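Using the sequences and the hints, build the whole thing.
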Amino acid sequence: MLKYFNIESLKIACLVSESESGAHKQSLVFLHGSGSDHSAWSHQYARLRKQYKMVALDLPGHGRSEGNGENDVKRYGAWLKKLLDILDLNQAVLVGHSLGAAIALQFAIDHSEAIAGIVCIGAGMKMPVNPFFLDYLKTNPAQMPAEVAQLISKYSVAKENRPQFLVPLQKSISQAKVGILYGDLFACNELDLTQSTDKIKVPALIICGAEDKMTPPDLSRALAAGIKGAKLEIVAGAGHMVMMEKPAEFNVSLNNFAASIS
5 MLKYFNIESL KIACLVSESE SGAHKQSLVF LHGSGSDHSA WSHQYARLRK
55 QYKMVALDLP GHGRSEGNGE NDVKRYGAWL KKLLDILDLN QAVLVGHSLG
105 AAIALQFAID HSEAIAGIVC IGAGMKMPVN PFFLDYLKTN PAQMPAEVAQ
155 LISKYSVAKE NRPQFLVPLQ KSISQAKVGI LYGDLFACNE LDLTQSTDKI
205 KVPALIICGA EDKMTPPDLS RALAAGIKGA KLEIVAGAGH MVMMEKPAEF
255 NVSLNNFAAS IS
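Numbering (the numbering used here), first residue to last: 5 to 266.
Any given hint might turn out to be false.
[What the hints assert, rightly or not] Cβ pair distances, simulated, as ranges: (1) Ser-116 x Ala-150: 40 to 46 Å; (2) Lys-205 x Leu-236: 16 to 22 Å; (3) Ala-229 x Ser-13: 40 to 46 Å; (4) Asp-202 x Pro-167: 40 to 46 Å; (5) Ala-263 x Pro-149: 42 to 48 Å.
Hints are computed from structural coordinates only; laboratory data are not their basis.
Small disclaimer: the values here were computed from a predicted structure and weren't measured.
Glycine residues also receive a C-beta, built at the ideal position from the N, C-alpha and C atoms.
What follows is the structure in structure tokens.
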């Protein structure tokens, strides 16, 4: 069910599911990537909503949430803390993709005591963005350039998965607000956690597609090595959108991780 919450005078949309199996194993909070929304987690919502309390949110300015977005991961993290307080969610597992993973990492550094663990998909201690995307979006603020939507879609999934995902991804990205997508990518590009990951004191699962062109596996390997006790999974046949490209494998990994810390 889509619910709305007022945060900093903005109406924020969240897809919320209460577990149908009695006591929750865990609460899972899903954080989407740049220019996306809660629908990125449709495969997880469909399969796991009976087992967990699930919250899949639209970041400010994304999907059905009001606002202009942010261009700083710490700002998104401060906003997330207010949402978790409103929802009275303590010791949830943060599940983040790309920008959402960066937010989860920063949140774990700043508020480890408030969460039970993090799952990061397509992430790194640094997440450099191709300057072409940033420059093109900055100089074409009125409308999403078709070339950018096409290239982002193309390199978001493994080559073998493009026939299935290329068109819907391109449509989704084309509908994103240019200024907000620029801010998201800027936030990723500015990320630098190389001196901070030792502050993460919660269990962490790092997942990356073997064919990820946006955040190559070496970034995930370095990230996992920088977090004490972190688990690393490289998923064959997947690119940057592991949770969409390989939902069954991803859901098993997520379920096992959540169960291990419940």
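Checked hints:
Judged by the Cβ atoms, the range 40 to 46 Å given for Ser-116 and Ala-150 holds: they are separated by roughly 42 Å. Taken as a hint, the range 16 to 22 Å holds for the pair Lys-205 and Leu-236, whose Cβ atoms sit roughly 18 Å apart. Taking the beta carbon of each, Ala-229 and Ser-13 are about 41 Å apart, inside 40 to 46 Å as hinted. Restraint check, Asp-202 to Pro-167: a C-beta distance of roughly 42 Å satisfies the suggested window 40 to 46 Å.
Ala-263 and Pro-149 have their C-beta atoms about 44 Å apart, which keeps the hinted 42 to 48 Å range intact.
Violated hints: none; the structure is consistent with every hint.
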